[in-house]
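Student: Using the sequences and the hints, build the whole thing.
For the record, the sequence lines run as chains A and B. Quick note on the working numbering: the first sequence kicks off at 1 and runs consecutively. Quick note on the working numbering: the second sequence kicks off at 1001 and runs consecutively.
If you're looking for bench data, these hints aren't it; they were derived computationally from the structure. Among the hints, erroneous ones may be present.
[Claimed, not checked] Taking lysine-lysine and the BS3-like style, the derived pairs with C-alpha atoms no more than 30 Å apart in a straight line are:
(1) K273(A) / K692(A)
(2) K178(A) / K29(A)
(3) K423(A) / K362(A)
(4) K209(A) / K184(A)
(5) K362(A) / K135(A)
(6) K769(A) / K362(A)
(7) K1035(B) / K589(A)
(8) K545(A) / K410(A)
(9) K834(A) / K423(A)
(10) K1066(B) / K209(A)
(11) K1066(B) / K589(A)
(12) K278(A) / K1035(B)
(13) K410(A) / K589(A)
(14) K1034(B) / K362(A)
(15) K769(A) / K1034(B)
(16) K135(A) / K209(A)
(17) K1035(B) / K1066(B)
(18) K81(A) / K29(A)
(19) K278(A) / K1066(B)
(20) K362(A) / K184(A)
(21) K692(A) / K209(A)
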Amino acid sequence: MISLQIDGKPVSVPEGTKILQAAAAAGVKIPKLCATDSLQPFGSCRLCLVEIEGRRGTPASCTTPVEDGMRVTTQSTKLAKLRRGTMELYISDHPLDCLTCAANGDCELQDMAGAVGLREVRYGYAGANHLKAAKDESNPYFTFDASKCIVCSRCVRACEEVQGTFALTIDGRGFASKVSAGNKSFLESECVSCGACVQACPTATLMEKSIIDHGQPEHSVITTCAYCGVGCTFEAEMQGNEVVRMTPYDDGKANHGHSCVKGRFAWGYATHKERVLKPMIRAKTSDPWREVNWEEAIAYTAREFRRIQAQYGRDSIGGITSSRCTNEETYLVQKVIRAAFGNNNTDTCARVCHSPTGYGLKTAFGTSAGTQDFDSVDDADVIVVIGANPTDAHPVFASQMKRRLRAGAKLIVIDPRRIDLVKSAHICADYHLALRPGTNVAIINALAHVVVTEGLVDEAYVTERCEAAAFEQWRRFVAEERNSPEAVAAITGVPAAEIRGAARLYATGGNAAIYYGLGVTEHSQGSTMVMGMANLAMATGNIGKRGVGINPLRGQNNVQGSCDMGSFPHEFPGYRHVSEDATRAAFEKAWGVPLQAEPGLRIPNMFDAALDGSFKGIYVQGEDIAQSDPNLQHVSAALSAMECVVVQDLFLNETAGFAHVFLPGCSFLEKDGTFTNAERRLGRVRKAMPPKNGLADWEITMALSNAMGYPMHYAHPSEIMDEIARLTPTFAGISYEKLDRLGSVQWPCNDDAPGGTPVMHVGGFARGKGRFTITGFIPTDERTTARFPLILTTGRILSQYNVGAQTRRTANVVWHEEDLLEIHPLDAENRGIKDGDLVAVASREGETSLRAQVSERMQPGVVYTTFHYPSSGANVVTTEFSDWATNCPEYKVTAVQVRKTERVSEWQREWWGGHESRPHGA
Amino acid sequence: MNRDRMVHDANQIALYFASGPRDEALAGIADHLKKFWTPRMRQEIEEYVRAGGGGVHELARDAIAKLVP
Chain A
1 MISLQIDGKP VSVPEGTKIL QAAAAAGVKI PKLCATDSLQ PFGSCRLCLV
51 EIEGRRGTPA SCTTPVEDGM RVTTQSTKLA KLRRGTMELY ISDHPLDCLT
101 CAANGDCELQ DMAGAVGLRE VRYGYAGANH LKAAKDESNP YFTFDASKCI
151 VCSRCVRACE EVQGTFALTI DGRGFASKVS AGNKSFLESE CVSCGACVQA
201 CPTATLMEKS IIDHGQPEHS VITTCAYCGV GCTFEAEMQG NEVVRMTPYD
251 DGKANHGHSC VKGRFAWGYA THKERVLKPM IRAKTSDPWR EVNWEEAIAY
301 TAREFRRIQA QYGRDSIGGI TSSRCTNEET YLVQKVIRAA FGNNNTDTCA
351 RVCHSPTGYG LKTAFGTSAG TQDFDSVDDA DVIVVIGANP TDAHPVFASQ
401 MKRRLRAGAK LIVIDPRRID LVKSAHICAD YHLALRPGTN VAIINALAHV
451 VVTEGLVDEA YVTERCEAAA FEQWRRFVAE ERNSPEAVAA ITGVPAAEIR
501 GAARLYATGG NAAIYYGLGV TEHSQGSTMV MGMANLAMAT GNIGKRGVGI
551 NPLRGQNNVQ GSCDMGSFPH EFPGYRHVSE DATRAAFEKA WGVPLQAEPG
601 LRIPNMFDAA LDGSFKGIYV QGEDIAQSDP NLQHVSAALS AMECVVVQDL
651 FLNETAGFAH VFLPGCSFLE KDGTFTNAER RLGRVRKAMP PKNGLADWEI
701 TMALSNAMGY PMHYAHPSEI MDEIARLTPT FAGISYEKLD RLGSVQWPCN
751 DDAPGGTPVM HVGGFARGKG RFTITGFIPT DERTTARFPL ILTTGRILSQ
801 YNVGAQTRRT ANVVWHEEDL LEIHPLDAEN RGIKDGDLVA VASREGETSL
851 RAQVSERMQP GVVYTTFHYP SSGANVVTTE FSDWATNCPE YKVTAVQVRK
901 TERVSEWQRE WWGGHESRPH GA
Chain B
1001 MNRDRMVHDA NQIALYFASG PRDEALAGIA DHLKKFWTPR MRQEIEEYVR
1051 AGGGGVHELA RDAIAKLVP
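Tutor: Below you can see the structure in the form of structure tokens.
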């Protein structure tokens, strides 16, 4: 520690600390403009000047490191004069419109004018200035008013250091210098609208339009974002019950004050005019909806479900929990199914995304969850990204990952598509294994083959930490010639030398961390691939410390939580099988009813059972199975065959078209609860406004349970969490009091780890010894043929979120008005397709049409689309092939043919009400 | 339930376990079906196997035959 005095106050700080920070630690405020906690020191504004005893001049305190025995003066006549002089220069070229400025009351320039005692501007305002500089209002969420810019470079540095996009720069020199988005408007530029620049701006130069419209907030509520699995902490800044700004929270442990365009700006869906706020019922789906009060809607639903059970049996109904709802709500839905319905027909949308993660990681390590916290990436030397596109789907974590990559970590990308990470500003992947879709397991086995046959196994780790017999069996298996890079090159399309190079880098490059997404799980061998990655990590000792691990990047905000909460038909909360007598007995005692000891129906089983007449009623909370599940013709037929479909959602989604009861849900802004992010972190969701529909989602489920004769009496979601903690060993130490005290907690959290567990499997695996499994490559049954020669794979983009129910109802549509089909120039040319052409995409299951985007991101033979718009029909063409272990659909591999067309497909024309083009928002 | 789908799913499970020793494969398939298939699904596939089980992978057939209802 370094000891010094600042204005006579002694202070000790770590070596390397700058005087400005040391002063703050000593409780001394030094005026500043270009410095801010989230950015590296810059030393340009000349306000934070100080005097140091024994030194000449007045150095900038933000860039000057502390030294032992240093005596610093922050306030003196000389310094005051210098600061006032600097402020005079700033203000001589700044509009004097404070009273009508959107930043009034939240402007650092205004604050500094006060702090330095500015009383006059000797230079006047008539000189050359920037006061007439044009205002850029192109971005839907914020404005750039160059007339108010003091060129402190905070925005430029935020774009570089925090976001890592490098979209902004300072153009020109001296008086002509200005912030530029590459000489384009913000909307046309490479800006990703993360809001970091707006957050960093000390004036009203970069300003949220919502603040311009509404004025400054008067209170705020700290909550957790409801978009992706990063789980950013935000301050919902309010005027009464209206959100006027969502600001990333500096102390948020998942996001550290950063955000993306969705969480930061795309919250307007919560008040969108299409939101349904009254319950509705109808006897037949051909009838018009009839608005009813909550009592009637709940009573009708309960009556129908009981009627169906009386007529068709106890197992004839079930439900689907939501990864968008809170842990407490998810827990209640599976509880009402198990305890009130009396069966285990509960499933969740993780079925169609990360169910293989649960199966694979539990098999290998003993716990169905990722191994690391996000901050672990700061200690990674080699980062492997497999089947994930973090810059689009998990942008805030991607920024953290990119910081580590810019600092020198090596990068291996395994993905059929050239995602942004392969080559972007100051980042270039050391290896991009552009494999053919459907060959993940062949690649992972080949990587393991190199590790085993080239003597790169961490023998000491394996001997100490893993089951010996299973390891030896696996070692013999992967060493077989069929798994060599040379043998699999023809299968995967990846040259053997690249596989060998990547394997050597992974095994010998230091801490190696694998991050993966749905490009791993949504395959017929999704679970096998998860276990294959686990094998590779264990063989190289890359589990159980910081900087390593197997890290699933969860798609939705609460995928981890919905799985944790017992949503799957075979597991109680905490991943304990329903056949475990002691576990079941504990739940039976707590819930006061006998529980089934056999697994219930998975979602695809429910559809099949509906079609054979044995499954007649379903309660769907916050999930749009009629858009998100594969082979929509099959889904539609199944839903149509049911007698009571109950949808609980914000909007009349696609599934609601088949519903008999619509229970309006509420947004994350309107309720209390918790979300669990991809790093097992529980963050509080706090009510910022009353439910616009009258009831929080947990209250709706509770009302349904009560009406069905199984009483629930929770007064607040904290009581539900208390019950979860009582019944789930990995959650035993979690309470709202602890979450409020610590900010967030990563499970397991119990007596062994009262503060939670950032990194799992330290010193030993949850299951005892790590288990290697044989992961033979089995090609998918979905094959390309002369009739269907291309492989369609799917993903999502930055500005839109999953089925788009939320983001399509925000201004984010300016970046993505429709889903496009990316196609390689060669494939396009062979078919006479040009950029922007309407093309038909046909598979064995169906046909849809999209606009083509000719792109060299794709490899020849592979096409790609997103599924954010229902009328795009990505799932009209996807098949029902699925993961062997979990039935997670194989969204990533569909054999298709693409041809130029003049007309949209038949079903789209019908969907659009006879129109040939897509109505706005459809 | 949809018999074709059940047969396909059972075969996929069998193909995964077929990479290991036969006794482990049979136990693995049976364990998987018990853990993740509803009793009715297991009963239907058992009945189908007892009736000949056309199209069912040999390992799956043997594992299913040993399932205890």
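Student: The structure should be examined with respect to each hint, and the outcome stated for every one.
Tutor: Tested hints:
no. : hint                : in the structure
1   : K273(A) / K692(A)   : holds (12 Å)
2   : K178(A) / K29(A)    : holds (29 Å)
3   : K423(A) / K362(A)   : violated (34 Å)
4   : K209(A) / K184(A)   : holds (20 Å)
5   : K362(A) / K135(A)   : violated (55 Å)
6   : K769(A) / K362(A)   : holds (12 Å)
7   : K1035(B) / K589(A)  : holds (23 Å)
8   : K545(A) / K410(A)   : holds (18 Å)
9   : K834(A) / K423(A)   : holds (25 Å)
10  : K1066(B) / K209(A)  : violated (67 Å)
11  : K1066(B) / K589(A)  : violated (34 Å)
12  : K278(A) / K1035(B)  : violated (41 Å)
13  : K410(A) / K589(A)   : violated (52 Å)
14  : K1034(B) / K362(A)  : holds (17 Å)
15  : K769(A) / K1034(B)  : holds (24 Å)
16  : K135(A) / K209(A)   : holds (13 Å)
17  : K1035(B) / K1066(B) : holds (15 Å)
18  : K81(A) / K29(A)     : holds (17 Å)
19  : K278(A) / K1066(B)  : violated (53 Å)
20  : K362(A) / K184(A)   : violated (50 Å)
21  : K692(A) / K209(A)   : holds (24 Å)
Checked against the numbered hints listed earlier, the structure breaks hints 3, 5, 10, 11, 12, 13, 19, 20; every other hint is satisfied.
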